[in-house]
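Trainee: Fit chain R to the given chain H structure using the hints.
Those protein sequences? They're chains H and R, same order as listed.
1 is the number that UniProt numbering gives to position 1 of the first sequence; each next residue is one higher, with no gaps.
16 is the number that UniProt numbering gives to position 16 of the second sequence; each next residue is one higher, with no gaps.
Among the clues, some could well be false.
Claimed, not checked - Sample of chain H residues facing chain R (criterion: CB under 8 Å; computed from the structure):
1) Arg16
2) Leu19
3) Gly20
4) Ala24
5) Val27
6) Asn28
7) Leu31
8) Ala35
9) Glu38
10) Val42
11) Ile92
12) Gln94
13) Leu95
14) Leu96
Said to hold, decoys possible - Straight-line distance between alpha carbons at most 20 Å, and here's what the computed EDC-like set of lysine to aspartate or glutamate pairs gives:
15) Lys3(R) with Glu93(H)
16) Lys80(H) with Glu58(H)
17) Lys86(H) with Glu58(H)
18) Lys87(H) with Asp2(R)
19) Lys93(R) with Glu41(H)
20) Lys11(H) with Glu12(R)
21) Lys11(H) with Glu4(R)
22) Lys107(R) with Glu38(H)
23) Lys107(R) with Glu93(H)
24) Lys11(H) with Glu83(H)
25) Lys107(R) with Asp44(H)
26) Lys14(R) with Glu178(R)
27) Lys5(R) with Asp15(R)
28) Lys14(R) with Asp10(H)
29) Lys37(H) with Glu158(R)
30) Lys3(R) with Asp8(H)
31) Lys97(H) with Glu12(R)
32) Lys11(H) with Asp79(H)
33) Lys153(R) with Asp29(H)
34) Lys7(H) with Asp2(R)
35) Lys97(H) with Asp32(H)
36) Lys82(H) with Asp32(H)
37) Lys14(R) with Glu4(R)
38) Lys70(H) with Asp44(H)
39) Lys87(H) with Glu14(H)
40) Lys37(H) with Glu65(H)
Please keep in mind that the hints were generated in silico from the structure rather than gathered at the bench.
All residues carry an ideal CB built from backbone N, CA and C; glycine is no exception.
For reference, the chains in residue letters:
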Amino acid sequence: MVKEILKDLDKAFENRIRLGIMSALVVNDYLDFNALKELLEVTDGNLASHLKALEKSEYITYKKEFLDRKPNTNYSATDKGKEAFKKHINAIEQLLK
Amino acid sequence: MDKEKYIEDLKEIKDIMHRSKRFISLSGLSGVSTGVVALIGVFLAYQIVFKGNDYLVHHAVGISNEHLSYLLLIATGTLVLSVWNAIFFTHRKTKKQNQSVWNIQTKQLLLNLLIPLITGGILCLLFLAKGFVGVLPPLTLLFYGLALVNGSKYTLPEIRNLGLIEILVGLIAFHLVEYGLFFWALGFGLVQIIYGLIIQRKY
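Chain H on its own, in the form it takes in the complex:
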């Protein structure tokens, strides 16, 4: 039984920062790099590497645009990512029951 639940816990969300990124992106249509950085209180490099990891598992996607001629990257959660996040939360709740 517990093993079943553990299977649903997503390795991608074991890290706090990645969990934080997903939490923010499931309730917002999109957030840019600086918004995420401010929200999670992490360094540029740290955030970038975790974003890359989530991109690799296709849980998030990004769109580059130009704001006052400065490049700006908006991140958003994919359907796959939202599904995985929901599953992960459910698994945690089951474990805590």
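Mentor: Just chain R now, with coordinates in the frame of chain H:
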């Protein structure tokens, strides 16, 4: 099993969802100060324009052009001071909490506040141009309330209730339109001060 870690995780998730979605640095003091400004505005309007008239027959009071321009001057002054106060206190609080003022949450909040506010503002000007001064207090209350309800998704949950109360006061003010100034003072003054104090104490 590390239950503790998962409990911490859930807490963190909730906190981030809340902080990322809403503008939480709203200052209660801005509510209090705009309330006080509103009361001063009403007092001035009463002293200059309505004094000497029986309060009960306000609907019969003819407003001369001179009085009307005084009234508009007071109204504009009240508006400008209120907005300035709100910005000043909120800016101070965001600084204290180390948050930026101009982020996606504030943009969403402002946009959602401004849609009903501008609609109401234009409607008020149209009524004013046709000489219907009496409907302005209830109309401003109504649209302010609608704006707050609309924007409350992006800020503190208390704002929704404040909006609902303003709508209610606005509707009553429409019904008892001769007491417009009184209800205006109630909604923009007293209710706002009370909510400002609640928010200031809670956050």
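Trainee: Do the numbers back the hint for Leu96(H), that is, is its least Cβ distance to chain R under 8 Å?
Mentor: With a closest approach of 6 Å, the Leu96(H) hint holds.
Trainee: Given Leu95(H) was flagged as interface, is its beta-carbon under 8 Å from a beta-carbon of chain R?
Mentor: Holds. Min distance 6 Å.
Trainee: Is the Cα-Cα distance between Lys37(H) and Glu158(R) 20 Å or less?
Mentor: The hint is violated at about 28 Å.
Trainee: Given Ala35(H) was flagged as interface, is its beta-carbon under 8 Å from a beta-carbon of chain R?
Mentor: holds, 6 Å
Trainee: For Lys153(R) and Asp29(H), compute the direct alpha-carbon distance and say whether it is at most 20 Å.
Mentor: Given pair Lys153(R), Asp29(H) holds - Cα atoms ~14 Å apart, limit 20 Å.
Trainee: Hey, Lys80(H) versus Glu58(H), does the alpha-carbon distance stay inside 20 Å?
Mentor: Holds, at roughly 7 Å.
Trainee: Can you confirm whether the C-alpha distance between Lys11(H) and Glu83(H) stays at or below 20 Å?
Mentor: Roughly 14 Å separates the two Cα atoms, so the pair holds.
Trainee: Run the distance test for Lys11(H) versus Asp79(H): straight-line Cα separation, threshold 20 Å.
Mentor: Holds. Lys11(H) to Asp79(H) sits at ~18 Å (cutoff 20 Å).
Trainee: Do the alpha carbons of Lys93(R) and Glu41(H) lie within 20 Å of each other, as the hint requires?
Mentor: holds, 19 Å
Trainee: How about Val27(H): closest beta carbon in chain R under 8 Å, or not?
Mentor: Holds: closest Cβ of chain R sits about 5 Å from Val27(H), inside 8 Å.
Trainee: Let's test the interface hint: is any C-beta of chain R closer than 8 Å to that of Gly20(H)?
Mentor: Hint on Gly20(H): holds, closest Cβ of chain R at ~5 Å, below 8 Å.
Trainee: Straight-line Cα separation of Lys14(R) and Glu178(R) no greater than 20 Å?
Mentor: It is violated: about 48 Å lies between the C-alpha atoms, which goes past 20 Å.
Checked against the numbered hints given earlier, this structure breaks hints 10, 12, 23, 25, 26, 29, 35; the rest are met.
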